[in-house]
Amino acid sequence: MKHSKAILVSVSALALAGLTACGSGGGGSPLDAPTKAGSAGSGGAVVVGSANFPESELLMDIYAGALKAKGVTVETKPNIGSRETYIPALQDGSIDLVPEYTGVLDQYFNKAAKASDSEAVYAELKAALPATLTVLDKSAAEDKDAVVVTKETAAKYSLSSIADLAPVAKDIVLGGPPEWKTRESGVPGLKKVYGLTFKEFKALDAGGPLTVQALKNGQVQAANLFTTDPNIPANGFVALEDPKSFFAAQNVVPLITKSKVNDTISAALNAVSAKLDTATLAGLVKEVVIDKKDAEDVADAFLKKASLG
Amino acid sequence: MDWFTSHLDDVWELLVTHAYLAGVPLLIGLLIALPLGWLARRFSWAYPPLIVGTGLLYTLPSLAVFILLPGILGTRILDPVNVLVAMTVYTVALLVRTVADGLGAIPDDVRLAANAMGYRPIRRLLGVELPLAVPVISAGLRVAAVSNVSIVSVAAIIGVAQLGSLFTDGFNRDFFPPIITGIVACGVLSLVFDIVIVVVTRLLTPWTRARTAS
Amino acid sequence: MINDIVSWLGEAANRDDIIQRLGEHVGYALLATGIAALIAIPAGMWIGHTGRGRFAVVNISGFARAIPTLGLLYFIVLWLGPNLSGDLAFLLPSLIVLIVLAIPPMLAGTYAGIDEVDPAARDAARGMGMRGSQVLFKVEIPCALPLIFSGLRSALLQVVATATIAATAGLGGLGRFLIDGLSVRDYPQMAAGAVLVAALALAIDLVVAVIQRLVVSRGITGRHRTRRDRAAVRSTDDSLSTTTVTVGTVN
Chain A
1 MKHSKAILVS VSALALAGLT ACGSGGGGSP LDAPTKAGSA GSGGAVVVGS
51 ANFPESELLM DIYAGALKAK GVTVETKPNI GSRETYIPAL QDGSIDLVPE
101 YTGVLDQYFN KAAKASDSEA VYAELKAALP ATLTVLDKSA AEDKDAVVVT
151 KETAAKYSLS SIADLAPVAK DIVLGGPPEW KTRESGVPGL KKVYGLTFKE
201 FKALDAGGPL TVQALKNGQV QAANLFTTDP NIPANGFVAL EDPKSFFAAQ
251 NVVPLITKSK VNDTISAALN AVSAKLDTAT LAGLVKEVVI DKKDAEDVAD
301 AFLKKASLG
Chain B
1 MDWFTSHLDD VWELLVTHAY LAGVPLLIGL LIALPLGWLA RRFSWAYPPL
51 IVGTGLLYTL PSLAVFILLP GILGTRILDP VNVLVAMTVY TVALLVRTVA
101 DGLGAIPDDV RLAANAMGYR PIRRLLGVEL PLAVPVISAG LRVAAVSNVS
151 IVSVAAIIGV AQLGSLFTDG FNRDFFPPII TGIVACGVLS LVFDIVIVVV
201 TRLLTPWTRA RTAS
Chain C
1 MINDIVSWLG EAANRDDIIQ RLGEHVGYAL LATGIAALIA IPAGMWIGHT
51 GRGRFAVVNI SGFARAIPTL GLLYFIVLWL GPNLSGDLAF LLPSLIVLIV
101 LAIPPMLAGT YAGIDEVDPA ARDAARGMGM RGSQVLFKVE IPCALPLIFS
151 GLRSALLQVV ATATIAATAG LGGLGRFLID GLSVRDYPQM AAGAVLVAAL
201 ALAIDLVVAV IQRLVVSRGI TGRHRTRRDR AAVRSTDDSL STTTVTVGTV
251 N
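Chains as they are written, first to last, in this note's numbering: chain A, 1 to 309; chain B, 1 to 214; chain C, 1 to 251.
Calculated directly from the structure, the hints in this document are not laboratory data.
Think of the CB as a built atom: it goes at the ideal place given N, C-alpha and C, for glycine as much as any other residue.
Wrong hints could be hidden among the right ones.
[Said to hold, decoys possible] Cross-link-like lysine to any residue pairs, in silico, SDA-like; alpha carbons within 25 Å at most:
(1) A:K70 <-> B:D10
(2) A:K181 <-> C:V26
(3) A:K199 <-> C:G86
(4) A:K144 <-> C:L22
(5) A:K260 <-> B:I180
(6) A:K68 <-> B:T75
(7) A:K275 <-> A:A69
(8) A:K286 <-> B:T75
(9) A:K170 <-> A:A140
(10) A:K151 <-> A:D137
(11) A:K181 <-> C:A121
(12) A:K144 <-> C:V26
(13) A:K275 <-> A:T150
(14) A:K181 <-> C:V208
[What the hints assert, rightly or not] Reference listing, derived: stretches of chain A covered by chain C, where coverage requires no fewer than 3 residues with Cβ under 8 Å from a Cβ of chain C:
(15) 75-86
(16) 178-188
[What the hints assert, rightly or not] DEER-style ranges, computed between Cβ atoms:
(17) C:G53 <-> B:V52: 54 to 60 Å
(18) C:L80 <-> A:D137: 41 to 47 Å
(19) B:V192 <-> A:D263: 44 to 50 Å
(20) C:I220 <-> B:R42: 46 to 52 Å
(21) A:E152 <-> B:L8: 43 to 49 Å
(22) A:E152 <-> C:I39: 38 to 44 Å
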């Protein structure tokens with residue numbers, strides 16, 4: 001008798017499990033709803049993604065906030081990873097919009113990219129983009145890759161530009177995001193353009209705490225950080241000059257799926273780009289990274305102040 | 001603590017998603033592991049390949065599985081389905097052996113007694129062997145539940161939001177509160193899963209309580 | 001896919017890299033599991049032998065298992081990293097995480113192994129005039145070896161698989177292929193890395209299985225350890241004895 005009761009309970013448990021499993025496929029789950037809305041092709045929500053560093057997430061929130069203020073339904077997908085991951089996500093429809101930087105994006109789509117000043121890069125980028133993607137207006141805000149050293153290292157080898165590294169690179173360990181190992185705008189390019197052969201390249205993170213920590217503590221002597229990074233002034237790091245313009249102009253620009261663009265969206269995003277400049281962006285990033293405010297709150301405050309929210 | 005109290009809504013939302021991504025595969029995985037475990041026990045030739053094969057699955061690094069699955073399944077990169085499938089695979093990897101051993105641990109006397117009472121093989125399996133194997137299977141399920149909760153958080157590296165996003169956010173900003181909140185929330189979730197499994201197991205095995213009561 | 005993996009593995013340019021990363025990975029795994037074993041196995045023996053602290057084992061093991069690996073790793077990196085110099089800053093945080101991961105299965109395995117030794121065998125040993133430590137070393141430990149090994153093997157598997165995540169915190173090892181491959185979307189490199197990790201886990205498990213066969217007395221592995229023991233496992237349905245049949249995976 002007891003056993004038959006056990007059967008009953010197990011069968012109902014299994015049935016319940018089966019139902020739950022079906023439910024997950026049928027759209028009754030907490031996850032399905034937003035994702036489906038975002039992938040519905042034209043119309044529906046605009047899914048804004050970001051790369052895996054705070055500034056990108058902040059820009060994502062700014063874009064999302066500006067769109068929301070114009071009545072556009074938005075959904076955010078922060079921290080997707082590096083360009084090599086979020087561009088495919090953009091192309092397969094997982095996301096529709098992502099904050100980008102003109103120079104590196106140009107190099108991503110155009111292996112022969114050679115423009116270095118702001119306007120030329122933007123023009124070259126527009127020509128290089130695949131048919132399904134487009135960029136809206138670029139902003140004046142720039143956040144370039146930089147090779148950064150500590151004040152002590154700069155003094156020791158009397159470094160002020162990347163070119164000064166050439167004679168001493170063999171003693172220097174360079175730290176940067178893993179993609180720098182193979183990316184043209186990373187280690188291979190530095191070798192080609194400046195003739196730098198480093199002692200070692202250490203894969204760390206995209207301008208995150210690992211890189212800052214490693215530079216501070218001497219595990220690496222030079223590192224890739226972003227010029228807007230508040231950790232550079234906070235730690236007295238020196239961003240080396242780039243006389244050969246190896247790092248092309250990097251204006252912040254919204255990269256968006258063409259089929260998603262309409263007048264409301266482009267007007268909203270272009271208005272954001274018009275209000276962003278390098279100092280403003282650096283100030284906002286500092287609030288997130290150093291003052292530990294939420295990116296979303298910082299974005300909202302910026303939009304309110306610029307009367308875009 | 002300030003950070004936590006001002007982010008209750010966010011944390012709750014991530015927790016719900018996390019519970020979904022870790023919990024649903026637990027149920028699907030169990031449903032798949034039951035017949036596989038039975039096969040492994042029923043046919044001795046099937047035991048080594050099934051146990052070794054499923055065992056091999058959990059040596060696959062989760063990060064690689066999350067990223068490579070879209071290529072195999074044809075799903076989109078950020079689709080949570082990738083995580084659900086990966087977690088189901090890990091659950092099956094853990095449970096097939098447990099189910100097989102649980103069924104195998106049933107004394108021959110019990111089987112013979114069931115035969116003598118006129119149970120046919122299928123009814124004997126569902127009515128006698130499976131219920132008796134519940135404690136072992138449930139213990140395996142508890143391990144799988146805790147392990148799922150931990151592994152799901154890795155998916156934050158590839159941009160699938162859940163409690164693990166608190167880890168990447170805190171790490172990117174060199175900021176402890178989100179990380180600590182995430183760890184505690186994962187612990188709480190594990191505990192909740194554990195309690196649910198223990199309670200369901202007790203309901204399914206009334207005879208064990210009868211024994212302790214007497 | 002398989003062709004890509006094979007050709008990536010076969011590429012001469014990758015060979016040195018593979019050998020180096022494989023060596024690092026084995027090193028981390030053995031170091032972490034070794035240190036964890038030095039803590040967990042004596043502790044498990046003491047608890048199993050004296051019967052004291054059983055409650056602590058259950059709770060510590062359960063608690064340690066519930067800590068999400070990624071969160072713990074990031075926490076320790078941010079916390080310890082700034083205070084460490086040289087490569088230690090990358091190694092030590094990851095090592096701590098792996099040790100925390102490896103302790104519960106070995107602790108539980110050792111404890112359960114000693115605890116489940118047939119009381120008759122223990123009494124017989126005492127009856128023969130053995131002292132406490134003799135009972136432990138001559139009877140209980142040999143009898144517990146299968147479960148101690150099972151704990152060791154699950155610890156090793158988890159550590160080998162999880163060491164890959166430590167690559168996000170700057171550690172070397174096979175995880176580099178996954179993280180570096182991910183950052184440039186190099187699928188063959190990632191897949192090859194995953195296959196290498198799985199193959200390594202399997203190889204290590206085989207080696208330990210062979211050692212186990214050599215070390216464990218045949219009187220224990222022989223026909224006696226079949227139905228009766230499994231029945232014993234089933235009847236003690238607390239979470240500890242289950243470590244003997246299930247292996248946690250937290251990779």
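So which hints don't hold here, by number, going up?
4, 5, 6, 8, 9, 10, 11, 12, 13, 14, 17, 20
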